[in-house]
Each structure stands twice: as structure tokens, then as C-alpha cells.
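Novice: Given chain A's structure and the hints, the job is docking chain B onto it.
The listed protein sequences correspond, in order, to chains A and B. Under the numbering used here, think of the first position of the first sequence as 1, with each following residue one higher. Under the numbering used here, think of the first position of the second sequence as 174, with each following residue one higher.
You may find that some hints are simply not true.
Here are a few chain A residues that face chain B, going by a calculated C-beta distance under 8 Å [said to hold, decoys possible]: (1) S22; (2) I54; (3) R59; (4) Q125.
No wet-lab data here; the hints were simulated from the structure. In this text, a Cβ means the ideal position worked out from N, Cα and C, and glycines have one as well.
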Amino acid sequence: MTEEIALNPARAVGLRRAFDRSFAEALQSRTEGVEGIVACRVGGDRFAVRLRDIAGVIRTANLVPVPSKQRALLGLAGIRGALVPIFSLADLLGYASHEEVWWILLCEQPARVGLAVGEFEGCLQVPETAFRVTDSPTNLGNRRELAVVGSCAYTVISVSNLVKSIRNLEEGH
Amino acid sequence: MGKTWTFRKKLVAGFLASVSLSTLIAGIAVYSLLSVVENKDRVINTNAQNLIEAEHLSALVERKSSSARAFLLNRDDKNLDEVNSVRAELLQLIARLKGDVMIDPGHRLPEQIERAEAEHQAVLEKAMALRKNNSDVDAAARMFNEEVLPKREILTQQLQAFVQKEKGLLDEGKRAASDMAARSIQFVVSMTVLAIVLAICLTFFLTTSLSRQIGSAVHHVQSSSSELQAAANQQASCSKEQATAMAEITTTISELLATSRQIAESAQRVSQIAGQTAAGASSGDQSVVKAHESVSGIRRQVDLIVNHMLDLGKKSQQIGGILEIINELAEQTNILAINATIEASVSGDAGKRFAVVADEIRKLADRVAGSTKEIRVLIDEIRSAVNSTVMATEGGSKTVDLGMRQFNEVAAVFKRINDLIGTTTSAAREIELSTKQQSTAVEQVNSAVSNVAQASRETEASSSQMLQTASQLSTLSRDLASIVQPRSA
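Okay, chain A solo, but in the shape it has when bound (with noise of 0.2 Å):
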């Protein structure tokens, strides 16, 4: 690696031109059709979620543990001056993983929950087209839609159906 950065000087260079670049390009072009997904693994899935779905990315907060007979609740977390719930996203998915925790997805419509996931890979900006939805049924329905970049395919979370299946989970349904 480090013949392959000394054999390639002009990365830094590509860098500065793309950075310029992006000054360049119509602010219309980088908006339009495409939407961001905030991407994440979770038993070693690959899964992602709407960035208008959620309302931040925090790094873990000091999570205080609250007892409940859900198994996904970990506890409560002071966010932003509010007490949210944080609920294991992997126990929700179904995963029996007992995973550290590192990053919780604030999320606020329909409720203030947090969605707390192990391994956060980053934000992607996807095409519109990119997003594809199959019969195939999971946990939270009978269709999964996908985000597919490149090679790799996301599964994308609908924080709606995840609020409301925790609401269910508390009324005991």
C-alpha cells in the first residue's frame, strides 16, 4: 500500500479536482433523483434506511437500562434534551444477536424512538431507480424493497412499519 500511494501522487490532485468540481456542477443536477439512505449492518446484513426517515445519527449516548418485558428495549438515552427510547434494531429485525452497540438512528414520525445498530457504514446518496421492491416477506412485511449500489443490495427499513411493530409488541399483540 504505501508503493501504491507513492506510485500514485495524483490522488491528491483528483481529490482537489473533484472537490472544485462540485462547485462547478448545477445544484439541480445533484438534488434531483436521488435520495440518501443511511447504511448499516445488523447480523451481518446489510440494511439501510431513509435519511427522511430519521432525524440524526448519534453516536452512542449513556444508555440507561429500563426493565420491560421487551427484549428489545435497551433502556433510555437523554437526546437532544429528551428522554428517547432506544430499542435494539437487530432484536427487531429478528436477529438473535447480542451485538455492541455503537450507533443509534434518532428517529421521530411517527414516534421518538431510537434504532440502535452495531456496524454503521455511512450515508449514500442513491438514484431513485436504484430502489426496488420484492415479494420476498420479512419481518416487518410481506415485500422488502432494496437498495441496490453497485454491487451490494440494502435492505431498506420502513421506520413506520418499526414503530408500529414495537407499538404492537407493547400492547401485547
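Specialist: Just chain B, lined up with the frame of chain A:
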């Protein structure tokens, strides 16, 4: 005595006995012969001479009477002178007879003859004086017949008695000499017979003794010759084997000589090489000193490298710390950019431009994070390399220390080797000298063995000759035994 005496002693004793007996017999014979001769001489010299002189005395008396008668007849003085001269001779003879005749009767007879002659002379002188003075022949003849003739007769009788006496003595001497000779002959014959008897006894004794002794010796010689023949046979066989063995030894010694020469040449080469090795060891000693200095310099350099690498490790750790900060900043920037994008996405059209900026910020944060990951990888590689280098360098330092110790040991060993090479050189020279001496000794041994081989061949020939001689000796001993003891043979 007979058993202890040797053959030579017995022969000498027998010879001496024979010689002694012969000498005794010869002595006795000589003594007897001398006695006989003495008696004969005495008879001849004394009795016969006395008899002759008695006869001569009678003749002188007769001559004197004749001359006296002639004077009486012729009145010639010549006759008178002759009478006187004859009388002088007669008296002289009588005097000699008186001295020679020692026997009493004989001694007295010359005296009586002397007295009768004196009486006769006195009467004769008277008659001759008468004739001379008177010149009468008759008167003178008468007186001669009356006076002179009786005296003459007396004188003649005395002379006859003397002659008879001497004849008796002569006969008596002859008989004594004959008796002596007879006794001597008898004694000599007796001694001769005794000597013959003794010689026969001695011969019988010597023959018996020597035959027994020689027979025993011949028997011993026969058995010894048989043993000698067997021994000669065995010796011939042994000599043949010895000759064969010596030939093999000669061949082996020749090979040994060749090998010894090769060893000597090799030892010489070894000595030369040892000398060259000693010279090389001396130069190698200097090289060891230089190498020791070089190794010490390497050790110092390795220590310096270790210190530098440790510093490099510390610096890389510091870089890692700074990179952690950068990474944290990039991550936080990324989070902020994501949250900004989220905020911008809910802000409508006004937030779209901010969302673009936030996205660029997020991309930068992603690139920074990627770069920090690469840097981290590089730093990890550097740290790993530094650690490996430090460990390797420390290992190298330890190895250098070990090498130093080993090098010191090598130097000591090399010094010892140098000393040993000196010793080896001396030993090689001694070996060279010894091998040369050994080669010379082997050559001498080879020569000696060749001589021994020649001697063995000669011994083999001698053994064959001895075997033949032993066979001949055995045959001779049998022949000799048959000669000495026909029965036993």
C-alpha cells in the same frame, strides 16, 4: 676305568703299554747284549790278549835263547845286542802283564816268570861272559846245557803255565760270555713271550672295550643319524616354508618400502603445507584482529540502529495518537455532516444547498476517514516493521554480542589453532624426518630380509644337502655297525 676312559686314552694307554713293554724288552736285550759284548770284549781284550802276549813272551824267550845261542856259537856282538834288546822287550812285556793280570794266580805267574827269566838271564849272562872271555865254545856250551837250559826249562815251564793259565781264563771267559748270552737270550725270549701275552691281553681288552664303546657310539650315531635324517627332513621342509615365507616377506617389505616412500613424500608435502598453513595462520591472526575491530564497529552500529529504531517506534506511536485524533475528528465530522444532511433534507428547497455542502463535508470526512485508515494501516505496518526491525535489531544485537563472544572464542580457538599449527608443523617435520628414517630403516630391513631370504634359500639347499648327508651317515653308521658288531648289525 675302562668305562670312563676315552677311545683315545685307551689307544694311547695300549700304545704306551706296548711301547713300554717293547722298551723294557729292548732295554733288557740291550743290557744283555752289552753284558755279552762286555764279556766277549773282556775275553778278547784281556784273556786273548794275555794269551797272545803270553805266546809272544814265549817267542821272545825263544828269540832271546836263540840269540844267546848264536852269540855263544858266533861270539858276535850283534847277537848280544839282540839278546839285550829282546830281553828289554821281554821285561817290558812282563811288566805290562804284571799290571794287566789282576787275578792272583795270574799275577803271581808273571812275577814267577820274571824271576825265572832273571835267573835264566843271570845264568845266560854267565855263559855269555864265559864265551866272551874264554872264547871256548864247548865250555860255554856245557855251561849252557848244564846251567842255562834248566833255567830255560824252568822259564819255559813258567811260560807254559802262564799260557795254560791264560788259555783257561780265555776258555772260562768264553763260557761265561756264552752263558751270559744264553741267559740273555732266554730272558729276552721270556720277556718277548710275556710281551706277546700282554699284547694279546691288551689287544683283547682294547678290542673288546673299543668294540663295545665304538659299537655303542655307532649305535648312538645310527640312532642320531636317523633322528638327524628326520630333523633334516623337517628342517628341509621348514626351510622350504621359510624360504617361501621369506619371499612373501620380501615382497611385503618391498610394498612396505614403496608405501613408506609414499608416506615420506606425503609427510614432506604435509610439512610444506603445514608451513604454508602456519604462514596463513599468522596472516589469519592479523585478519582476526581486524575482523574483531570490524565486529566491534558493527556492534556499535547495531546499537545505534536499535536506538534509532526505538525512537522511530516512539514517533510512529505519536503519529498513531495524532491519527486517532484526526480519525475521531473525521468521524465526528462525518456524523455532523450526516446530521446536517438529515436536517437539510427536512428543510425543503432552502436546505438543498446546505445538503449539498453537508454532503461534500461528509464526503471529505469519508475521504479523511479513508485516508486515516490507510495511514493507520501504513502506521501499523511501520510500527510492525519497526517492531520487527527492533526485535530483529535486538536479535541482531544479541547475535552480535553472541557473535562477539563466539568471535572471541573463535579468536581464542584460532590462537590455539595457530599454536597447534605450530606444534603440527613441528610434528609434521618430525614425522617427515621419522618417515625418512623409517624409509631408510625399511630399506635396510629390505636388504636384510633379502639377505635372510638368500640365507633361507641357502639353508634350504643346505638342508637338502644335510638330508642327503644324514642319509649317507645313516648308511655309514649301519655299515660301521656291521663292521664293528656284525651280530648287532
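Novice: If you take the shortest Cβ to Cβ gap from I54 (chain A) to chain B, is it below 8 Å?
Specialist: holds, 6 Å
Novice: Does R59 (chain A) meet its interface restraint, that is, does its C-beta lie within less than 8 Å of any C-beta in chain B?
Specialist: With a minimum Cβ separation of about 7 Å from chain B (threshold 8 Å), the hint on R59 (chain A) holds.
Novice: Is the interface hint for S22 (chain A) satisfied, with its Cβ closer than 8 Å to some Cβ of chain B?
Specialist: It holds, given that the least Cβ distance between S22 (chain A) and chain B is near 5 Å, below 8 Å.
Novice: Taking 8 Å as the limit, does the beta-carbon of Q125 (chain A) come near enough to a beta-carbon in chain B?
Specialist: holds, 7 Å
Consistency with the previously given hints is maintained throughout, with no hint failing.
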